[in-house]
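Construct all of the structure, not just a fragment, from the sequences and the given hints.
Each chain is listed here by its residues.
2 protein chains.
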Amino acid sequence: MNTQTKSKHIPRATIQRLATYVQVLEHFARDSVEVISSNPLAEACGVNGSQVRKDLAYFGEFGIRGVGYRVQPLIESIKSSLGVNRDWRMALIGVGNLGKALLNHSEFRNRGFKIVAIFDCDPFKIGEIVHGLEVYCTRDLKDKVRLLGIEIGVISTPPERAQRAAQHLMDAGITSILNYAPARLKTPENVHVEYVDFFHYLYALAFNHQQQP
Amino acid sequence: MNTQTKSKHIPRATIQRLATYVQVLEHFARDSVEVISSNPLAEACGVNGSQVRKDLAYFGEFGIRGVGYRVQPLIESIKSSLGVNRDWRMALIGVGNLGKALLNHSEFRNRGFKIVAIFDCDPFKIGEIVHGLEVYCTRDLKDKVRLLGIEIGVISTPPERAQRAAQHLMDAGITSILNYAPARLKTPENVHVEYVDFFHYLYALAFNHQQQP
Numbered sequence: 001m002n003t004q005t006k007s008k009h010i011p012r013a014t015i016q017r018l019a020t021y022v023q024v025l026e027h028f029a030r031d032s033v034e035v036i037s038s039n040p041l042a043e044a045c046g047v048n049g050s051q052v053r054k055d056l057a058y059f060g061e062f063g064i065r066g067v068g069y070r071v072q073p074l075i076e077s078i079k080s081s082l083g084v085n086r087d088w089r090m091a092l093i094g095v096g097n098l099g100k101a102l103l104n105h106s107e108f109r110n111r112g113f114k115i116v117a118i119f120d121c122d123p124f125k126i127g128e129i130v131h132g133l134e135v136y137c138t139r140d141l142k143d144k145v146r147l148l149g150i151e152i153g154v155i156s157t158p159p160e161r162a163q164r165a166a167q168h169l170m171d172a173g174i175t176s177i178l179n180y181a182p183a184r185l186k187t188p189e190n191v192h193v194e195y196v197d198f199f200h201y202l203y204a205l206a207f208n209h210q211q212q213p
Numbered sequence: 001m002n003t004q005t006k007s008k009h010i011p012r013a014t015i016q017r018l019a020t021y022v023q024v025l026e027h028f029a030r031d032s033v034e035v036i037s038s039n040p041l042a043e044a045c046g047v048n049g050s051q052v053r054k055d056l057a058y059f060g061e062f063g064i065r066g067v068g069y070r071v072q073p074l075i076e077s078i079k080s081s082l083g084v085n086r087d088w089r090m091a092l093i094g095v096g097n098l099g100k101a102l103l104n105h106s107e108f109r110n111r112g113f114k115i116v117a118i119f120d121c122d123p124f125k126i127g128e129i130v131h132g133l134e135v136y137c138t139r140d141l142k143d144k145v146r147l148l149g150i151e152i153g154v155i156s157t158p159p160e161r162a163q164r165a166a167q168h169l170m171d172a173g174i175t176s177i178l179n180y181a182p183a184r185l186k187t188p189e190n191v192h193v194e195y196v197d198f199f200h201y202l203y204a205l206a207f208n209h210q211q212q213p
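These protein sequence lines map, in sequence, to chains R and F.
Heads up, the first sequence is in the numbering used here, so the first residue is 1 and it goes up one at a time.
Heads up, the second sequence is in the numbering used here, so the first residue is 1 and it goes up one at a time.
Incorrect hints may appear among the rest.
The following label-pair restraints were derived from C-beta to C-beta distances [claimed, not checked]:
#: 1; chain 1: F; residue 1: Gln212; chain 2: R; residue 2: Arg109; range: 20 to 30 Å
#: 2; chain 1: R; residue 1: Pro158; chain 2: F; residue 2: Asn48; range: 25 to 35 Å
#: 3; chain 1: R; residue 1: Pro158; chain 2: F; residue 2: Glu160; range: 24 to 34 Å
#: 4; chain 1: R; residue 1: Pro158; chain 2: F; residue 2: Val67; range: 33 to 43 Å
#: 5; chain 1: R; residue 1: Gly127; chain 2: F; residue 2: Asn48; range: 38 to 48 Å
#: 6; chain 1: R; residue 1: Asn190; chain 2: F; residue 2: Cys137; range: 50 to 60 Å
#: 7; chain 1: F; residue 1: Glu189; chain 2: R; residue 2: Ile129; range: 42 to 52 Å
#: 8; chain 1: F; residue 1: Asn48; chain 2: R; residue 2: Asn104; range: 30 to 40 Å
#: 9; chain 1: R; residue 1: Ile129; chain 2: F; residue 2: Gly96; range: 18 to 28 Å
Taking lysine-lysine and the DSS-like style, the derived pairs with C-alpha atoms no more than 30 Å apart in a straight line are [stated by the list, open to error]:
#: 10; chain 1: R; residue 1: Lys114; chain 2: R; residue 2: Lys142
#: 11; chain 1: R; residue 1: Lys186; chain 2: R; residue 2: Lys114
#: 12; chain 1: F; residue 1: Lys54; chain 2: R; residue 2: Lys186
#: 13; chain 1: F; residue 1: Lys186; chain 2: F; residue 2: Lys142
#: 14; chain 1: F; residue 1: Lys142; chain 2: F; residue 2: Lys114
#: 15; chain 1: F; residue 1: Lys54; chain 2: R; residue 2: Lys54
#: 16; chain 1: R; residue 1: Lys54; chain 2: F; residue 2: Lys186
#: 17; chain 1: R; residue 1: Lys125; chain 2: F; residue 2: Lys125
If you are wondering where the hints come from, they were derived from the structure by calculation, not from laboratory data.
All residues carry an ideal CB built from backbone N, CA and C; glycine is no exception.
Okay, here's the thing in structure tokens:
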């Protein structure tokens with residue numbers, strides 16, 4: 001099977017659901033579940049069964065007709081298709097409360113997304129040790145990216161410093177950015193930015209709340 | 001116009017985009033832009049122009065044919081449809097790094113989502129003042145919810161404590177929960193949980209990164 005070719009056609013919304021399936025399947029795997037059918041999987045993921053079956057049609061070889069999916073091989077196949085079956089080395093810019101919370105978030109490391117260097121432009125923070133990492137000056141980003149094989153940049157600065165942080169990352173050759181700052185970034189087409197936006201969740205909550213009888 | 005009736009038919013993905021439009025339109029409003037056409041709006045939001053025009057068809061009366069949308073009335077109409085044109089009072093459970101980062105996130109307050117009480121089950125934290133709020137014991141949640149008119153609960157506990165936090169919220173009559181803990185919650189049908197899941201962003205970055213030539 002040529003995962004690479006196949007996966008080029010996975011739509012974005014499917015990637016989001018696949019990410020959820022992986023997390024939920026890993027829970028089942030930790031509970032020693034070996035085979036799971038689509039309905040309980042769907043229920044645990046908060047989607048409907050037919051959607052799960054459609055999404056997992058890409059990974060059809062792990063289904064056992066009338067029984068379900070083999071959990072561990074399915075996890076590995078999804079992760080391989082998404083490119084998350086290996087470690088990714090990340091740089092974090094902005095070591096405030098949010099940055100520290102991200103550093104402290106063991107799920108990142110557990111899933112192979114490793115923050116290996118942290119940066120700030122505040123001279124009082126530079127040199128400090130936070131969760132075992134020395135805070136570097138943002139000007140040293142380019143050298144550290146090369147030295148440490150960093151591929152993803154995480155921005156957790158205040159909004160007004162986000163664009164400058166992005167510029168430092170791009171100058172260092174980083175083309176994949178996770179932006180937690182509530183600011184849109186100006187980036188060229190070859191740079192992929194994911195915005196972690198808390199507000200649409202709150203908007204969805206508020207919208208549903210007001211619809212309640 | 002009967003916003004309530006109309007908005008019942010806004011699909012979830014549209015809500016997400018509307019949340020982005022509001023944020024981007026507010027930026028334009030701060031820059032004193034009075035009218036904007038769909039293409040620059042689309043570009044700033046990272047979606048295509050025809051999508052913007054389709055989404056904003058709900059709010060058609062704010063379009064001026066051949067010119068664009070009147071920014072301020074459009075913002076107000078979208079917010080009113082989503083139910084975010086008023087303040088929402090929130091309780092936060094779990095005053096660790098992530099909880100503190102959320103408390104420190106001024107955009108919440110700026111957008112009317114106000115954390116008015118904070119809770120933890122750690123006796124060493126109870127009574128501490130964090131960002132001007134006293135940490136209450138989670139057992140006092142029910143009383144505080146009633147007293148302070150809280151409508152939304154925010155969970156920022158470690159994953160293994162998330163279900164218990166959700167139970168406290170539900171016991172207090174809260175039916176809208178924003179869950180930052182990396183754990184799925186068991187809740188009855190009338191409770192609406194939004195999961196703030198960082199991983200699908202990272203998965204999307206990794207997937208796109210591996211597709212690069």
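A quick look at each hint next to the structure:
1. Between F/Gln212 and R/Arg109, the C-beta spacing of about 24 Å keeps the proposed range 20 to 30 Å intact.
2. Range check, R/Pro158 to F/Asn48: about 30 Å between beta-carbon atoms, so the 25 to 35 Å window is met.
3. Distance hint check: the CB atoms of R/Pro158 and F/Glu160 are about 32 Å apart, consistent with the given range 24 to 34 Å.
4. With their beta carbons about 35 Å apart, R/Pro158 and F/Val67 fall inside the hinted range of 33 to 43 Å.
5. Between R/Gly127 and F/Asn48 the Cβ separation comes to about 46 Å, which falls inside the hinted range of 38 to 48 Å.
6. For the pair R/Asn190 and F/Cys137, the supplied restraint of 50 to 60 Å holds, since their beta-carbon distance comes to about 51 Å.
7. Distance hint for F/Glu189 and R/Ile129: a CB-CB separation of about 47 Å, consistent with the stated range 42 to 52 Å.
8. Restraint check, F/Asn48 to R/Asn104: a C-beta distance of roughly 38 Å satisfies the suggested window 30 to 40 Å.
9. For R/Ile129 and F/Gly96, the Cβ-Cβ distance of about 19 Å falls inside the hinted range of 18 to 28 Å, so the restraint holds.
10. A distance of roughly 18 Å separates the Cα atoms of R/Lys114 and R/Lys142; the hinted pair therefore holds under the 30 Å criterion.
11. For the proposed pair R/Lys186 and R/Lys114, the alpha carbon gap of about 26 Å is at most 30 Å, so the pair holds.
12. Between F/Lys54 and R/Lys186, the direct Cα distance comes to roughly 25 Å. Compliance with the 30 Å bound is thereby established for this hinted pair.
13. Taken as a hint, the F/Lys186 and F/Lys142 pair is honoured in the structure, with Cα atoms around 19 Å apart against an allowance of 30 Å.
14. For the hint linking F/Lys142 to F/Lys114, the alpha-carbon distance of about 18 Å falls within 30 Å, and the restraint holds.
15. The hinted pair formed by F/Lys54 and R/Lys54 meets the criterion: a straight-line CA distance of about 27 Å does not exceed 30 Å.
16. A distance of roughly 25 Å separates the Cα atoms of R/Lys54 and F/Lys186; the hinted pair therefore holds under the 30 Å criterion.
17. Straight-line distance between C-alpha atoms of R/Lys125 and F/Lys125 comes to about 25 Å, which keeps the hinted pair within the 30 Å bound.
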